[in-house]
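*Asks:* The hints should help you fit chain B onto chain A, whose structure is shown.
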Amino acid sequence: MPGSVLILGGRSDIGLATAHVFAAAGHNIQLAARHAQTLSAEQTDLAVRYGVNVDLVEFDALDTAHHEAFAKALPVLPDIVICAVGVLGNQAADEKNLSSAIQVMRSNYEGPAAILSVFADLFEARGSGTIVGISSVAGDRGRATNYIYGSAKAGFTAFLSGLRNRLARKGVHVLTVLPGFVATRMTEQLDLPKALTAEPKEVALAIERAVKGKRNTIYVRPVWALIMLIIRSIPEAIFKRLRL
Amino acid sequence: MILSGWGNFPRLDACLLRPRNLGDLRLALSRGPLIARGNGRAYGDSAINPAQTIDMRSFNRMCAFDSTSGQLIAEAGVLLADIISVFLPRGWFPAVTPGTKFVTLGGMIAADVHGKNHHCDGSIRNFVDWIEILDGNGNTRKCSREEDPSLFEFTIGGMGLTGVILRAAIRLRPVESGYIAQDLRPAATLSDAIRLFDENPTASYSVAWIDCLARGQKMGRSLVMFGEHATRADLPAERRDKPFSIPARRAKSFPFDAPSFVLNPWSLALFNEAYYRNGRRRAGRSLLDWDAYFYPLDSIHDWNRLYGRKGFAQFQCVLPLASSDLGMRVLLDTISKSGQDSFLAVLKRFGAEGGGLSFPMEGYSLALDFPIHRNTIDLLKRLDSIVLDFGGRFYLAKDARMSADVFSRSEQRRAAFLDTRTKEGWRSHFTSAQSERLGI
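Chains A and B supply the protein sequences, listed in that same order.
Here the numbering used here is used: position 108 in the first sequence is 108, and no number is missing along the way.
Basically the numbering used here = 1-based index in the second sequence + 1000.
If we strip away everything but chain A, and leave its shape as in the complex, we get (with noise of 0.2 Å):
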C-alpha cells in the first residue's frame, strides 16, 4: 500500500492536481486548507476516481502558533507532505502597502517554514518520510517585478535546501520544486508565454517522478534550468539596469 500523503494548500490548482496524481497511484490523501470542508466535492471526486480514502483537514498556515497541534490532530502521520501554499500578491501594489507585502512575505516563507519544520522532526523521529516544498523560480534571483513574492521564495528555497542537508543522513528526503510559470488560478491575469507554461498536472507529474527518484531540486520544465542560470550569471552591474 503506497504511503499516505498530505497536501497543504489543497485547495490550490497544483495542489489538487498533485492530489490526482499520488491519489492515482493508490496513496489516500488528506487535503489541508482553509475552510477544507469547502472541499467536499473534491474529496468525493478523488474518492470516485481512485478509490482512495481522502480526509478533509483544516489548515491555516499563517496560524503558526497551531501548527504543532494540527500536526499531532491529523487522521495518520503522513509518509508524504507536499507544501503548495502561497500567494502571488501584487508587486506594484505591495510595495505601498507593507502590511499586503507582509502577507506575501509570510504566506510564501513563514508559514511553509514553519509547518515543514514541525513535519521534519516528526519524520525525523520516524526515520522516514518525504517533505515536497513547491518555491519559485522567483527566488532564484530578486526582480524588479516580483521581489517581495521572490524573495519569501528565495528564503523558502534555502530553507528547503538547509533542510535537506540537516535529513539527509535520517531517511527523510527533502525535495525542492521550481515550477516556473504555470496555468492557475494565480496566473489567469497575467500573460505568460504558452512555451515557458506547465499545467498544473504536469508539475504533479513532475513531483510524483521527483519524489520516486529521490531528486534535491527540480525544475519542472528543463528549459527554466537554462533561463535561470543565464539570470544567475548576469553581473549585478548590468542586471540592475535591465527590465525583467
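Honestly, the hints are just simulated from the structure, not real lab data.
The hints are all genuine.
Here are some of the chain A residues that sit facing chain B, going by a computed Cβ distance under 10 Å:
1) A24
2) E42
3) D45
4) L46
5) Y50
6) G51
7) R185
8) E188
Note that beta-carbon positions come from the ideal geometry of N, C-alpha and C, so glycine has one too.
*Replies:* Chain B only, in chain A's frame:
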C-alpha cells in the same frame, strides 16, 4: 481573444470566461446571454458567443458511481478520456462514444453524440438518466424523462441553448476487456457497402471509411469495419491477466499549421488509393485496443492543424433509409466532380430517431471534411440542397456555415424548439454564434 471550433473555421473574436463555481457562473448569466463551451471539439461556431463564452472545464468533478448499475454522476466539464481511464480498469466503458475522447460530458449531451453503435443502441440520449441545468434565472433545475421532460428532451441535442448543463447521470456499459474484435470488409462499390451494413444489423459497432475520390465503377468503394467488445477468452493468453491494460501509444503532436498545398487532389488521391489497398490486404478479423479502434485520430494531438491556417469545414448529413443509396451516390458524384476532396469520409448506418433536436434518424450518415478553399463554401451549398432534396438533415456539432433557410427546411422540429426557447425564456439567456446564424 480569437476563438474557433475544432475546424478552425470560423474564427471569431470572443470573450472567454472560466468560472470556478456556481457564483461565478450566475454572475456571468446576470450580465447577458452566453453559451457554455466544453473542450472545443464542436467543429464550427456552436460553442462560441462573442459576448460571453463560458469555459466549463473547471466543473470537472465526478460525484458518484454505482458499480451495480454502472451509473456515473459527474459534472459537465469531466472529459470522456477521464471517464475511460477511471472506469475501464473496473470493467466499464462509455455506452456511446463519439470519434474523440477529448470531449466533455456536457458537450456530449448538448450535441447528443452518436457512435459506431448507433444502429443498435442509439445516441447518448438513451444512456442519460437525468441532467442538472442552470436556467436563465440562475436556478438549478433537475430534469429527466419523468421530471420536466420537455427540458430534458430539448437539452439533449439542444447545443447548450436550453441552459448550462452542470451535472448529469449517465450509464456506462460493462465490458470484459479493453479490446475490440474487428472484422474489416472491403466493399468495391457504395451498394456493396450498404449491403454489408444491411446484412450485419446486429454487429455492435459498424462504420465505413469511404474513398470519396473514386469515380465511375469504383465510386463509393469503402472499408467497412465491424466490431465487438472482446471477451476475456478472445484475448491472446498473455493478455488475459490484464484485460484492460493496453500497450502505451506515444502521443504525437501536429506542431504547426500545415501550408495549404499539403492537402491537394493528388496527395489525397494517393492517400486514398494506398489506404484502400492496405485495408483490402488486411481484410478479416483482428484485435484492436479501445484507443486505436475508437479514437485513431486522438493519438495525433492538434491534427486539425493539418488543414492549415484557413481551417476546414466538416459536413455531416443523414439521409432517410429509403433515399440513402441514391442520395449518397448523388452526393459522392457531386464531390468527385467538384475536384475538392475530403480527406476523411465516413459512412454510417443509423438506427431510430431520438427526441428533441437530436441529429440521427434511421438511414445513412455521411461525414466529410474539406479544407477551406475559395470554392468550398459553394460546394457545401450544393451538398446542402442535395440533402434537402432527399429529405435529410445536418449535424449541428459539425456545422459552421449552414444558412437559416437550409436549416429550417431540413428540420421540421425547428418550430417546436424555437417556440419552447421563446416561451421558457432560454432565447434571451443562451445564444451562440450558431444559434444566431440559424435563427433559433
